[in-house]
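Take the two lone chains and join them into the complex the hints point to.
Those protein sequences? They're chains A and B, same order as listed. Under my numbering, the residues of the first sequence are numbered 280 to 394, in order. Under my numbering, the residues of the second sequence are numbered -6 to 108, in order.
Treat the hints with care, as some may be off.
One side of the interface only, derived from the structure: several residues of chain B facing chain A at Cβ under 10 Å [stated by the list, open to error]:
1) Y29
2) R35
3) I44
4) G46
5) L49
6) G89
7) L96
8) G99
9) G101
To be clear, the hints were calculated from the coordinates, so they are not data collected in a lab. From a predicted model like this one, the values you see are computed outputs, not experimental measurements. Note that the Cβ used here is the ideal one computed from N, Cα and C, for glycine as well.
For reference, the chains in residue letters:
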Amino acid sequence: EAGVTQSPTHLIKTRGQQATLRCSPISGHTSVYWYQQALGLGLQFLLWYDEGEERNRGNFPPRFSGRQFPNYSSELNVNALELEDSALYLCASSRPGRQNTGELFFGEGSRLTVL
Amino acid sequence: AQSVAQPEDQVNVAEGNPLTVKCTYSVSGNPYLFWYVQYPNRGLQFLLKYITGDNLVKGSYGFEAEFNKSQTSFHLKKPSALVSDSALYFCAVRDGGSTLGRLYFGRGTQLTVWP
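The following block holds chain B by itself, in its conformation from the complex (with noise of 0.2 Å):
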C-alpha cells in the first residue's frame, strides 16, 4: 500500500537560510512524487514533482527536491528562505504503474520563516 510520512508537524528557519522539508513514501511500484503547498484557507498549489530523470527536481518559487530511491525519500529544499515562504506544505506519491489515480498525501508540514 502507497503512504507518504512527513515526521516534522513544524519547521522554523530564519529569513535567507536554507530550509529542509522532509518526506518518506512507501510505494508498490516506481513512485511518481510530488510537493504542494497550501497557504490559508486556500487550495493546494503545485511546486513540483519527480515522475523519472535526474533525482534533482527543480520546481517552482526556487524549490528544489531530491529524489533518494534506497532512502525512500523526497525532501523539499530551498537554498535561501523567504518569509513569504511560510506555509503548509504536503508530499505526495502515487504509484509508477499509471499518470492517473489518487495522490496519496502526506499531513503536512507547517513551515514558518521568520524575519
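The following block holds chain A by itself, in its conformation from the complex (with noise of 0.2 Å):
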C-alpha cells in the first residue's frame, strides 16, 4: 500500500507570506497528525485531524491552522511566516478507531523554509 505522501517536499518562502503543505493519509486511514520538527527542538505537536474534525491542538499560535476534508487528506495552512517557522513538517495518518493498533504511519516531510 501506498505510504503517506506529502507536498510539496520543499518549500521557500519570505517572512510574511503565506504557506501551505498537503498530506495524503494511507489508504484507509482516517487521522491525520502534524508535527513541526525544528532544529534543536525535536517534535512539536500541531494538530490532529480525525473523521474532518480537530481533535486536538499544539501550543502553537492561530496562524498555524489546518483542516481535514472528506477524502480524510490535509492541509497545514501557516500565516504570516516568521523566520522560526523554518523546519521540517511531518504528517502522521493512523487507522479508525476499531482497527487503530497505536502506531503512527509518518510520510517524508515537507521542508518549509523561511527567509
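Next comes the structure, spelled out in C-alpha cells:
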C-alpha cells in the first residue's frame, strides 16, 4: 500500500508570506496528525484531525491552522510566516478507531524555509 | 500530563557491540510506548511498540525494547550494532486510554555506530 504522501517536498518563502502544506494519508486511515520538527527542538505536536474534525491542537499560535477534507487528506496553513517557522513539517496518519493498533505512520515531510 | 525523557542526546558504539538507547516516561494511565527511527532528511519509521503483554518487545531490524513499569522505562536495545543503525531515535508515549490521539515524543537520541 502507498504510504503517507506529503507535498511539496521543499518550500521557500519570505517573512510575512503564507505557506500551505498538503498530506494524503494511507488509504483507509481516517486520522491525520501534524508535527513540526525544528532544529534542536524535537517533535512538536501541531494538530490532530479525525473524521474531518479537529480533535486536538498543540501550543502554537492561531496563524497555524489546517483542515481535513472528506477524502481524509489534510492541509496545514501557516500565515504571516516568521523565520522561526523554518522546520520540517511531518504528517502522520492512523487507522480508524476499531482497527487502530496505536502507532502513527509518517510521511517524508515538507521542508519549509523562511527567508 | 504525558511526557517522555531521553536522557542522552548522543550514543556512540562500535560496530558489533550491544547498544542501548534510554527512555523514561510519565503518563496518567497505562502507557502505550513506541520507538521510531529517523534517517537524515526523512520521516519517522516505526520500529516497535508496547501495548500490553510480554515486557520484552521485538521489532524491526533486530531491535528490541524492555518495558519496566516500576522504573517507568522503555529502553531500546540491540545485541550487535551495525553502522547502518546510525540515525536519530525517538521514544514516544500515549496514555493507554485510547489507541487514538497524539503521541508525545522525546527529544531524540543520535546513535552513531563506528566501524
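Going through the hints against the structure:
1. Y29: Status holds, d = 8 Å.
2. R35: Holds: closest Cβ of chain A sits about 6 Å from B/R35, inside 10 Å.
3. I44: Hint on B/I44: holds, closest Cβ of chain A at ~6 Å, below 10 Å.
4. G46: 13 Å, violated
5. L49: 18 Å, violated
6. G89: 9 Å, holds
7. L96: 6 Å, holds
8. G99: Holds - the Cβ of B/G99 comes within 10 Å of chain A, reaching about 7 Å at its closest.
9. G101: Result: holds, 6 Å to nearest chain A Cβ.
Hint compliance for this structure: hints 4, 5 are not met, and every other hint is.
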